[in-house]
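2 protein chains.
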Amino acid sequence: MASLKVPTSVPEPYEDAEQLKKAFAGWGTNEALIIQILAHRNAAQRKLIRETYAAAYGEDLLKDLDAELSSNFQRAVLLWTLSPAERDAYLLNEATKRLTSSNWVILEIACTRSSDDLFKARQAYHARYKKSLEEDVAYHTTGDFRKLLVPLVTAFRYEGEEVNMTLARKEANILHEKISDKAYNDEELIRIISTRSKAQLNATFNHYLDQHGCEINKDLETDSDDEYLKLLSAAIECLKTPEKYFEKVLRLGIKGTGTDEWDLTRVVTTRAEVDMERIKEEYQKRNSVPLDRAIAGDTSGDYERMLLALIGHGDA
Amino acid sequence: MASLKVPTSVPEPYEDAEQLKKAFAGWGTNEALIIQILAHRNAAQRKLIRETYAAAYGEDLLKDLDAELSSNFQRAVLLWTLSPAERDAYLLNEATKRLTSSNWVILEIACTRSSDDLFKARQAYHARYKKSLEEDVAYHTTGDFRKLLVPLVTAFRYEGEEVNMTLARKEANILHEKISDKAYNDEELIRIISTRSKAQLNATFNHYLDQHGCEINKDLETDSDDEYLKLLSAAIECLKTPEKYFEKVLRLGIKGTGTDEWDLTRVVTTRAEVDMERIKEEYQKRNSVPLDRAIAGDTSGDYERMLLALIGHGDA
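Chains C and F supply the protein sequences, listed in that same order. Under full-length UniProt numbering, the first residue of the first sequence is numbered 1, with each subsequent residue one higher. Under full-length UniProt numbering, the first residue of the second sequence is numbered 1, with each subsequent residue one higher.
Treat each hint with caution, since some may be false.
Any copy, or any two copies together, can satisfy a pair, since identical chains are not distinguished.
In silico DSSO-like pairs for lysine-lysine, Cα to Cα no more than 30 Å straight-line [to be verified]:
no.: 1; residue 1: Lys130; residue 2: Lys178
no.: 2; residue 1: Lys63; residue 2: Lys47
no.: 3; residue 1: Lys170; residue 2: Lys130
no.: 4; residue 1: Lys178; residue 2: Lys97
no.: 5; residue 1: Lys147; residue 2: Lys198
no.: 6; residue 1: Lys244; residue 2: Lys170
no.: 7; residue 1: Lys120; residue 2: Lys130
no.: 8; residue 1: Lys130; residue 2: Lys240
no.: 9; residue 1: Lys244; residue 2: Lys130
no.: 10; residue 1: Lys5; residue 2: Lys218
no.: 11; residue 1: Lys240; residue 2: Lys120
no.: 12; residue 1: Lys47; residue 2: Lys147
Just so you know, these hints were derived from the structure itself, not from any lab.
From just these sequences and the hints, can you work out the full model?
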């Protein structure tokens, strides 16, 4: 499912660290070498490289990358080099700050990560920001947005496959009733979406479709100007079919007037090691163009090369 | 701070397991031996005894204890023998079931455990009940109770000592304003109580006292018949001074018409390895009677002996 390509024979961490140090040396930076190394190492390997680099040179690899690189390429390399938990914590913190605030990023991370991974992001948030994720999310949101987002980021959903069909029927009816009444911020609706396991929700959404003849998402797409409603619908998409959610973020990020590089970088760096192959399939199916060609057509230079490497282009 | 007394030389787990097996054998059960062993072993040692017992006899020590013992003594021994996380998960599950439901137990566990311990209880809940704690709490509560309890059980508070004094002043004023307006279920008030670190809340409550001349708890004790208000006040007590909260539970459990053995058993088994010495001090201070004498006067037999052993009476 991951698109990341790691060579069959990986150099020792000290060799990678040495090569990276060389890439920074002298006039100019050897971006190709940075991509060749970092974009082809998995999370555990990148962690070892950072540790070895710090031990060998007394410097933080991330700080050196930050100093040597710039613009979208810099952001892609930095995000990618972080561990998944640190990266999520970083993105979440950014999303709660005024100038970079984004309910979308909060929702995306809360609903597409596994329960353990979301919890690890909360631990990394403590370690780095000396406060809790939920206090920042609750502090920076109000009203319906807070009512929806706080339970989503604090959830620790059960991850077993067990499903209670009676409950699924009952809760599908509750969801249908609330949506019919346009009670989108109803606390029962939020309770179901924010606490049930993904397997249980899947059964509930299937029952909703069987019983009421329409996908729950479609029933929510009645008013495309309502930001809260769009978030609620996206939450359901993230929980049900994350690959479709990510395909849409990529599609909207690439299409239209100018590329949204933040969305593009975030999705590629956070999914390359998880489910990027599934997302690429979805992209091809929906757009009749492979994702790599779409990215190549819309980006350039080292940034383009970095993204393409992460989505599995070329050899490791 | 713990009252548990462990002997300086602890027998090997297989010896303890063997002795326990003997205590169950033949006519009658040797309760004194069970107390002598289990009430003087810490969580890691009890875990080893259970594992060794299962390996040696192919039976679950907890099931054998359940079959051999009865009544309050049985409940005390079973709760104590569980690991802290399993025990909290068990108590929380009980508290969400109709016949044994208790918002108080949910609140107590959510607000007096460390962030890591509360999270471990959530993991143990998954493992044992095949669902999440928050889905049961949310499902079994409604209205203001749900609004308060769900964020409390899902919190993963920051535990560092860092305090933001500007924020403390600001939020003390928010709390005072909401309480003055009798807006006890206000979402800002719940946000502050349920997300801030205990150190931060302590600074906030101190500022409240300095600025408004009254402890925040006292300002909440205006209507002693309002169950929600009592819970909110108890949450603040648990977060601020858990030893005082537990002293009160013990005092009310022991005093009055008949003893509330469930409260007594729960507090003793959950605090013996944590802060029972502090609770005993508070008890003596508030009641002018040592806790062990109060318990001895109100309970009897093996149950009494078990509780007294856990609060540090006699030799290990």
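Now for the hints, and whether the structure bears them out:
1. Lys130 / Lys178: between (39 Å within a copy, 27 Å between copies)
2. Lys63 / Lys47: within (15 Å within a copy, 45 Å between copies)
3. Lys170 / Lys130: Intra 41 Å, inter 19 Å, cutoff 30 Å: inter-copy only.
4. Lys178 / Lys97: This pair counts as between: shortest inter-copy Cα distance 26 Å, intra-copy 32 Å.
5. Lys147 / Lys198: Both: 20 Å inside a chain and 23 Å across chains, each within 30 Å.
6. Lys244 / Lys170: within (27 Å within a copy, 43 Å between copies)
7. Lys120 / Lys130: Both ways: lysine 120 and lysine 130 sit 15 Å apart in one copy and 21 Å across, limit 30 Å.
8. Lys130 / Lys240: between (33 Å within a copy, 20 Å between copies)
9. Lys244 / Lys130: between (35 Å within a copy, 28 Å between copies)
10. Lys5 / Lys218: neither (37 Å within a copy, 62 Å between copies)
11. Lys240 / Lys120: both (22 Å within a copy, 27 Å between copies)
12. Lys47 / Lys147: neither (36 Å within a copy, 40 Å between copies)
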